[in-house]
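Number of protein chains: 2
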Amino acid sequence: MRQPQQDRSRATRQRLLESAIEALAELGWQGSTVAVVAERAGVSRGAAQHHFPTREDLFAAAVEYVGEARRTWTREHSADLPTGPERTRAVVDMIVRIYTGPLFRAALHLWVAATSDEQLRTSIVELEARIGREQHKLALELLGVDESTPGVRETVQATLDMARGLGLANLLTDDSKRRAGIIDRWAEVLDATLNAGART
Amino acid sequence: MRQPQQDRSRATRQRLLESAIEALAELGWQGSTVAVVAERAGVSRGAAQHHFPTREDLFAAAVEYVGEARRTWTREHSADLPTGPERTRAVVDMIVRIYTGPLFRAALHLWVAATSDEQLRTSIVELEARIGREQHKLALELLGVDESTPGVRETVQATLDMARGLGLANLLTDDSKRRAGIIDRWAEVLDATLNAGART
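These protein sequence lines map, in sequence, to chains A and B. Position 145, counted from 1, in the first sequence is what numbering that gives the first Met the number 0 calls 144; the numbers after and before it change by one each time, with no gaps. Position 53, counted from 1, in the second sequence is what numbering that gives the first Met the number 0 calls 52; the numbers after and before it change by one each time, with no gaps.
The following block holds chain A by itself, in its conformation from the complex (with noise of 0.2 Å):
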């Protein structure tokens, strides 16, 4: 049985968490207002404070949007890496590609704001350790390694660390150039240390 008016209701309330992202990517935290973020998505200011009576509620539920579309956005391109050597430059790839794309940019301008906002810090800091504990994960089945070898945990998680460092890079100016030669030598590196050439 299809539910017209809650499907309408569940339209409006992504268009406006969607909304909520571009507009913290393009204008920030300060220029990100309710009113603003109702104006993007099309839809009614008192509409918008229907779904989300406080910006608080708004943002709440735009860090965990980033956080499933993240999720949705690695698992789908999980699926297309290459298997042989050209894995390993390929797994580094998508995982630079998390923190360099429009997801990075609106979840940096959440953090550096809840620097200053207790609310808003105590719903990051749990989301991203939640995320964080996902990624370090899926990059030791994409990496195809195992945790227990020493060292391995330590060079995964250095690798989600440089891919955060190559995001911040690329706020202001465009790397891209100067990334694609650290990707390719940090794949030679994970070769070289992890004994990921026994996988090929």
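Calculated directly from the structure, the hints in this document are not laboratory data. Because the structure is a prediction, the values reported are computed rather than measured. Hints may be right or wrong, so weigh each one.
Identical chains blur together in the list; that is why a pair holds if it fits in one copy or across any two.
Heads up, simulated SDA-like pairs for lysine to any residue below, C-alpha to C-alpha not over 25 Å straight-line [as the list claims (entries may be wrong)]:
id, residue 1, residue 2
1, K176, E146
2, K136, R178
3, K136, D183
4, K136, E187
With chain A's structure known, arrange chain B on it following the hints.
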């Protein structure tokens, strides 16, 4: 010949710049008005405006000041690094410290603010490019490696990006324990892949 008034003026200017950085690290860009910075520095608003007519002037000077402070800190700490097998770890630790201290925190607020402020962006992009080149050159020197060896340039760049990522990971929570394990492992990876063992 002493010039007490000029000395006082210089001291006031420096106090304003230090307060600007502290305000940024603690309150973020929006909270760091000229009035707030002047109050923290114990300077009248009029005196602050004599030195820095606009907020943009104040923070452009603060950006320069952050750059100079990072340079001084790095120079001072470079001299204290051990030689021998512990050197690589000490160098990585020093590089990571640059990106996890209050100066990086202040810089991060400026970067994010600069995504929606054209004037700030221009001065920061130029400054960051200069600092990036300096840090890269310094890292090569401290590690005792030569960029003409294939892969060395990208590995050193990856090290700086990882340090930046660790700085970001430290923004909302104390990440020092996890970080120590990554620094240990990264030093091993550098020793294995840069052929840095020949140095010791």
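Evaluation of the provided hints:
When the C-alpha separation of K176 and E146 is checked against a cutoff of 25 Å, the pair qualifies only between copies, where the shortest distance is 18 Å, while the shortest distance within a copy is 32 Å. Taking identical chains as interchangeable, the C-alpha atoms of K136 and R178 lie at most 25 Å apart whether they share a chain (24 Å) or sit on different chains (18 Å). When the C-alpha separation of K136 and D183 is checked against a cutoff of 25 Å, the pair qualifies both within a copy, at 22 Å, and between copies, at 21 Å. Taking the shortest Cα distances, K136 and E187 sit within 25 Å of each other both inside one copy (21 Å) and across copies (23 Å).
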